[in-house]
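Sequences listed follow chains A and B, in order.
If you want the numbering used here, it's the 1-based position in the first sequence plus 3.
If you want the numbering used here, it's the 1-based position in the second sequence plus 3.
The set of hints was computed from the structure by calculation and includes no laboratory data.
Among the clues, some could well be false.
As the list claims (entries may be wrong) - Cut-off 27 Å, straight-line C-alpha distance, at most; resulting in silico cross-link-like pairs (DSS-like, lysine-lysine): (1) B/K320 x B/K333; (2) A/K185 x A/K12; (3) A/K438 x B/K333; (4) B/K438 x A/K185; (5) A/K12 x A/K438; (6) B/K438 x B/K12.
Stated by the list, open to error - One side of the interface only, derived from the structure: several residues of chain A facing chain B at Cβ under 7 Å: (7) F140; (8) K185; (9) A193; (10) G199; (11) R204; (12) W328.
Just so it is clear, CB atoms sit at the ideal spot from N, CA and C, and this is done for glycine as well.
2 protein chains.
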Amino acid sequence: MQLYENRPKRHLSEQGIAEFVSEFGERFTQNMALREQHGTDESPYPVCPPDAVVFASSTDDVVRAVQLCQRWQVPLIPFGIGSSMEGHILPIEGGVTLDLSRMNQIIAVNAEDATVTVQAGVLRQQLNEEIRHTGLFFPIDPGANASLGGMASTRASGTNAVRYGTMRENVVSLKVVTAEGKVIRTSSRARKSSAGYDLTRLYVGSEGTLGIIVEVTLRVYPVPEAISAAVCNFATLQDAVSSVIDIMQMGIPVARVEFMDDRAVRAVNRHSQLNLRETPLLLFEFHGSTAAVAEHAQQAQEITQSHGGMDFEWAEKAEERSRLWTARHKAYFAGLQMRPGARSVSTDVCVPISRLADCVMQTVTDLEGMPFPFKIVGHVGDGNFHVQMLLDEQSENEWALSEEVNHRLVRRAIQMDGTCTGEHGIGIHKMEFLKEEHGEDALDVMRRIKHALDPANILNPGKIVSWD
Amino acid sequence: MQLYENRPKRHLSEQGIAEFVSEFGERFTQNMALREQHGTDESPYPVCPPDAVVFASSTDDVVRAVQLCQRWQVPLIPFGIGSSMEGHILPIEGGVTLDLSRMNQIIAVNAEDATVTVQAGVLRQQLNEEIRHTGLFFPIDPGANASLGGMASTRASGTNAVRYGTMRENVVSLKVVTAEGKVIRTSSRARKSSAGYDLTRLYVGSEGTLGIIVEVTLRVYPVPEAISAAVCNFATLQDAVSSVIDIMQMGIPVARVEFMDDRAVRAVNRHSQLNLRETPLLLFEFHGSTAAVAEHAQQAQEITQSHGGMDFEWAEKAEERSRLWTARHKAYFAGLQMRPGARSVSTDVCVPISRLADCVMQTVTDLEGMPFPFKIVGHVGDGNFHVQMLLDEQSENEWALSEEVNHRLVRRAIQMDGTCTGEHGIGIHKMEFLKEEHGEDALDVMRRIKHALDPANILNPGKIVSWD
Chain A
4 MQLYENRPKR HLSEQGIAEF VSEFGERFTQ NMALREQHGT DESPYPVCPP
54 DAVVFASSTD DVVRAVQLCQ RWQVPLIPFG IGSSMEGHIL PIEGGVTLDL
104 SRMNQIIAVN AEDATVTVQA GVLRQQLNEE IRHTGLFFPI DPGANASLGG
154 MASTRASGTN AVRYGTMREN VVSLKVVTAE GKVIRTSSRA RKSSAGYDLT
204 RLYVGSEGTL GIIVEVTLRV YPVPEAISAA VCNFATLQDA VSSVIDIMQM
254 GIPVARVEFM DDRAVRAVNR HSQLNLRETP LLLFEFHGST AAVAEHAQQA
304 QEITQSHGGM DFEWAEKAEE RSRLWTARHK AYFAGLQMRP GARSVSTDVC
354 VPISRLADCV MQTVTDLEGM PFPFKIVGHV GDGNFHVQML LDEQSENEWA
404 LSEEVNHRLV RRAIQMDGTC TGEHGIGIHK MEFLKEEHGE DALDVMRRIK
454 HALDPANILN PGKIVSWD
Chain B
4 MQLYENRPKR HLSEQGIAEF VSEFGERFTQ NMALREQHGT DESPYPVCPP
54 DAVVFASSTD DVVRAVQLCQ RWQVPLIPFG IGSSMEGHIL PIEGGVTLDL
104 SRMNQIIAVN AEDATVTVQA GVLRQQLNEE IRHTGLFFPI DPGANASLGG
154 MASTRASGTN AVRYGTMREN VVSLKVVTAE GKVIRTSSRA RKSSAGYDLT
204 RLYVGSEGTL GIIVEVTLRV YPVPEAISAA VCNFATLQDA VSSVIDIMQM
254 GIPVARVEFM DDRAVRAVNR HSQLNLRETP LLLFEFHGST AAVAEHAQQA
304 QEITQSHGGM DFEWAEKAEE RSRLWTARHK AYFAGLQMRP GARSVSTDVC
354 VPISRLADCV MQTVTDLEGM PFPFKIVGHV GDGNFHVQML LDEQSENEWA
404 LSEEVNHRLV RRAIQMDGTC TGEHGIGIHK MEFLKEEHGE DALDVMRRIK
454 HALDPANILN PGKIVSWD
């Protein structure tokens with residue numbers, strides 16, 4: 004684990020504290036329980052509490068918090084719900100955490116344009132509940148019930164990305180507070196634009212290092228007339244991946260296609276009381292009109308059969324579908340039961356699909372020599388997969404071995420023209436990997452952008468790209 | 004017309020010329036015909052020749068040209084085929100034009116991953132011809148047979164964008180030469196990534212002002228099993244737009260849906276010897292499996308009928324489809340015949356589709372008082388439309404009136420939460436409109452990025468955002 008205890012810190016002074024208190028009253032706190040909560044995410048790093056937490060209720064609050072941090076030259080770390088995976092929200096250089104969870108209003112639903120505008124603290128599931136009556140839904144589903152500001156900040160995706168894209172494709176516009184405390188809007192609500200630099204896509208995935216996202220306008224989609232799911236087992240991973248390649252080359256619009264290895268299937272069977280055949284399998288979902296869904300599923304079935312697929316099982320009823328997909332969504336928790344009390348670490352590479360089977364198989368070979376259990380799930384249509392490693396919390400050796408596995412995996416993915424992170428982001432954990440992936444010259448471009456937009460290095464410092 | 008004759012110029016010195024000659028030999032030219040050709044695009048601006056033209060054959064050539072321009076502190080303007088619409092490639096501050104048309108190799112076709120990698124000078128039609136045997140195609144079609152580097156630089160789109168997206172969604176990765184002459188790759192070939200700032204999307208649409216795009220990796224798509232087209236007339240524009248809104252809200256995946264006003268239909272009938280009913284009409288195309296296409300077209304027809312749509316005419320055969328779509332593609336030339344010898348000027352706003360009918364109708368009211376003819380076509384699924392105005396080449400008054408119409412149109416679009424350019428870009432013509440759309444604070448963010456990545460203001464200066 005990278006150590007951040009020794010980093011130079013910029014702590015809030017007594018006078019700075021007094022000004023925050025005067026500005027925010029009880030919405031500014033130095034309570035240790037709250038500080039610790041805001042110094043914890045889903046990464047394996049130890050807790051790293053900020054000096055204080057401020058709860059923003061409005062864009063004006065965010066502006067004032069930025070101005071105070073500029074005035075006192077301390078870091079400001081935006082915080083949604085703390086579900087990031089790579090240490091994104093840890094205040095490793097000290098400073099104030101800006102909690103956006105109270106900015107949780109849905110501002111506008113424009114059904115004719117299929118857009119919604121929400122405050123950054125709105126949660127994914129809340130959004131879908133609040134727009135259900137319109138017949139629209141927001142498809143991006145990273146697993147966690149994350150905040151939409153956080154999802155934009157990490158360029159999140161998940162199981163629906165093969166059909167609907169990621170946050171990159173589904174954020175229409177952002178309202179952002181800059182490091183100077185200016186409020187900008189990155190784009191209009193037009194579906195497309197050639198109007199200047201793409202500030203929307205620049206802030207999406209910038210992990211709070213270039214500005215604070217306070218509002219997000221998103222594309223939403225009509226709830227499909229019909230949905231069907233299917234599960235199909237294969238003798239080998241290669242057969243499963245070849246099926247997906249053929250399905251995509253046929254242009255069959257699959258909405259989701261998830262891979263589980265035999266270990267993941269075993270874990271899910273136990274956790275969710277299922278009796279799936281314990282071989283590599285694919286879990287499909289099709290969205291569309293009744294006739295189109297039936298046709299596409301039939302075509303997909305024929306392709307899987309040509310690759311030795313077994314037991315193509317249909318689940319057209321909502322409850323059967325839900326049972327299957329709930330099991331998939333609980334795969335993480337099912338994995339935890341493989342070694343109760345263990346620390347779970349997830350990898351996150353993404354490669355061109357033509358290299359996916361190779362990449363997974365080489366990784367399995369590497370992992371089979373390790374002293375800890377693991378399982379693999381993947382968003383196979385995108386070439387993205389996760390190894391969940393279950394580590395003995397007390398074992399420095401297991402931690403070190405898992406980091407070496409991860410590093411070899413990332414190198415393997417980069418050599419296959421893939422990326423060190425498909426959807427989790429860089430945070431502090433993958434900064435070295437980012438350098439390996441992009442090279443120093445591209446990193447220099449990123450660093451210049453950071454210097455240009457946040458010259459005092461106030462906004463979530465020490466993440467994505469080093470200052471020097 | 005904005006004047007650029009009075010701008011401060013940075014011209015290449017005799018010694019600079021000697022170094023270019025020594026480096027590039029005959030691929031460096033000061034021939035006036037070539038200079039004039041490279042000082043002309045599809046904008047209405049007068050010719051603005053560069054000091055010289057250099058023809059690059061390789062990335063190394065581009066690096067050397069950048070280094071020489073840095074050394075002699077003169078502008079470098081990348082040039083694909085000169086089809087830009089807003090003065091993007093005019094060397095308004097002097098300097099050297101970098102012609103990339105000889106970099107026209109297709110570098111890789113990765114059929115399993117549905118990606119292709121091409122040099123920046125490859126033309127759109129060339130790409131589709133060269134990959135036809137793979138069963139894949141590249142859908143983005145801005146009308147002109149533009150270069151793919153140029154299309155990336157202007158974030159181009161066109162008639163297929165409603166289904167396949169724009170260059171924003173379809174550029175996977177770029178190879179870029181920076182202002183320092185470093186060669187970077189903006190991304191891997193993975194379908195998605197959360198690895199740092201989205202440099203790909205930053206360079207897409209940056210119009211050559213942040214770096215020189217030398218290679219483009221693109222998403223390609225399986226040629227659909229079935230394609231059908233249909234044309235449908237309406238009594239009013241509002242009925243046509245309401246039909247499209249309902250079709251999209253139903254989730255019917257229309258591949259293209261184009262609007263023509265009665266003037267455009269008249270012009271197209273004359274030019275292409277068609278006998279379309281001369282009312283507002285929609286031209287549809289559906290892509291997919293045979294059954295899905297039939298189903299979607301049937302559903303679309305029912306929706307149009309509920310809005311008074313007439314004569315829903317099918318064109319399932321390739322030649323009938325081709326006849327209709329060729330007519331659409333020739334609408335620009337058909338428009339020129341409305342006033343032979345006239346200068347054609349096209350507007351390019353894009354608004355949320357809920358405001359499209361209003362925006363077009365208010366614009367028609369404005370235009371009806373003008374002394375010049377016009378017609379309107381639109382990528383209605385995206386909310387993007389173009390007014391083609393046919394101006395007397397000699398009349399300063401008509402030019403001034405048309406600029407006022409355009410300005411009012413842009414303001415109208417911005418007030419409707421739209422953009423000053425859906426697909427043509429900013430160039431020099433829309434810099435003031437960009438400011439109205441984004442505001443000074445967002446423009447300041449863009450300007451900081453320009454300053455950070457091109458501190459000597461070498462790369463296509465004076466475009467998108469002013470230096471100061």
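- Message: Of the numbered hints stated earlier in the document, which are not met by this structure?
- Response: The structure breaks hints 3, 7, 12; every other hint is satisfied.
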